Amino acid sequence: DAKTTQPPSMDCAEGRAANLPCNHSTISGNEYVYWYRQIHSQGPQYIIHGLKNNETNEMASLIITEDRKSSTLILPHATLRDTAVYYCIVCSSNTGKLIFGQGTTLQVKP
Amino acid sequence: GAVVSQHPSWVICKSGTSVKIECRSLDFQATTMFWYRQFPKQSLMLMATSNEGSKATYEQGVEKDKFLINHASLTLSTLTVTSAHPEDSSFYICSARSSGRVGNYGYTFGSGTRLTVV
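Residue numbers (the working numbering), protein chains in the order written: chain A, 1 to 110; chain B, 1 to 118.
Because the hints were derived from the structure by calculation, they are not lab data. All figures in this text were calculated on a predicted structure; none of them were measured in a lab. Some hints could be false.
One-sided and incomplete, this derived list gives chain B residues near chain A with beta-carbon spacing under 7 Å [stated by the list, open to error]:
#1 Val19
#2 Leu44
#3 Ser89
#4 Tyr107
#5 Phe109
#6 Gly110
#7 Ser111
#8 Gly112
Cβ-Cβ distance ranges computed for the label pairs, FRET-style [to be verified]:
#9 Ser5/B / Asn54/A: 32 to 40 Å
#10 Lys41/B / Thr56/A: 39 to 47 Å
#11 Gly16/B / Ser28/A: 42 to 50 Å
#12 Ser28/A / Phe39/B: 41 to 49 Å
#13 Asn19/A / Asp65/B: 43 to 51 Å
#14 Ile63/A / Glu63/B: 40 to 48 Å
#15 Thr26/A / Thr17/B: 40 to 48 Å
With a Cα cut of at most 20 Å, we get these calculated EDC-like pairs of lysine to aspartate or glutamate [as the list claims (entries may be wrong)]:
#16 Lys66/B / Asp27/B
#17 Lys41/B / Asp82/A
#18 Lys41/B / Asp11/A
#19 Lys97/A / Glu59/B
#20 Lys3/A / Glu59/B
#21 Lys97/A / Glu87/B
#22 Lys55/B / Asp65/B
#23 Lys3/A / Asp88/B
A virtual CB, placed ideally from N, CA and C, is assigned to each residue, including glycine.
Using the sequences and the hints given, assemble the complete structure.
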């Protein structure tokens, strides 16, 4: 499974958009990009996933570059409850395993 | 949406005893379940993958005789930590995936079990 690189931490003002980058330059054609977040002492929460097209749901938008080597998770209007560790994961359709990296700690500030 | 129930949410046990953790998919059939372990201030580490009705596949470095995984039905998987020691104290989390092609859905995680061995 391809590895991902994320900044260790980011800050965002409440009400503003939070843009979380992820680099996955070794991604292969059958690998999906998944985003999860984890609030302290809880299980990870699914946010969104995609293969090559941009995706949007009620929580966030996922923008994947055309070469698929990087992506950005966008929380359009961050709230204090969005403070969490955000994980970008590349998942192979062959193995089906989610291998977590270190993630980005997003701190939303009032 | 899909819900995975994990019990207990926390447990304290004495060194040398065994502890069983249950993971149930409440509204879908989970053909594959995953077990993770997370130490403080660290990321989740995949321990093993279990498919319903077959033996679990363990990641490198995970002792299969110590961490017994059973996935006897499409809605239940259990992790038993045998002869627990203080170094096994950790946050254990399960994840379930329904049948079908990877990419058609997200993976649902349980709320985790905090194990403390004294």
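Agreement of Lys97/A and Glu59/B with the hint, judged by alpha carbon distance not exceeding 20 Å: With Cα atoms ~11 Å apart, Lys97/A and Glu59/B stay inside 20 Å; holds.
Straight-line alpha-carbon gap Lys55/B to Asp65/B, limit 20 Å: holds, 12 Å
Chain A contact restraint on Val19/B - CB to CB distance below 7 Å: violated, 18 Å
Interface hint status, Leu44/B versus chain A (Cβ within 7 Å): This hint holds: Leu44/B lies near chain A, its Cβ roughly 4 Å from the closest one there, short of 7 Å.
Lys97/A paired with Glu87/B [C-alpha distance capped at 20 Å]: Roughly 25 Å separates the two Cα atoms, so the pair is violated.
Distance restraint hint 41 to 49 Å, applied to the beta-carbon atoms of Ser28/A and Phe39/B: Violated, since Ser28/A and Phe39/B (Cβ atoms, about 30 Å apart) do not stay within the stated range.
Distance restraint hint 40 to 48 Å, applied to the beta-carbon atoms of Thr26/A and Thr17/B: Between Thr26/A and Thr17/B, where Cβ atoms are some 44 Å apart, the hint holds.
Restraint check for Lys3/A with Glu59/B, where alpha carbons must lie at most 20 Å apart: Roughly 17 Å separates the two Cα atoms, so the pair holds.
Interface hint for Gly112/B, Cβ within 7 Å of any Cβ on chain A: With Cβ-Cβ at 5 Å, under 7 Å, it holds.
Ser28/A and Gly16/B - C-beta distance against the hinted 42 to 50 Å: Holds, since Gly16/B and Ser28/A (Cβ atoms, about 45 Å apart) stay within the stated range.
Verdict for Ser5/B, Asn54/A (Cβ pair) under range 32 to 40 Å: holds, 33 Å
Ser89/B as chain A interface residue, shortest Cβ-Cβ below 7 Å: violated, 14 Å
Going through the hint list in order, the structure does not satisfy hints 1, 3, 10, 12, 16, 21, 23.
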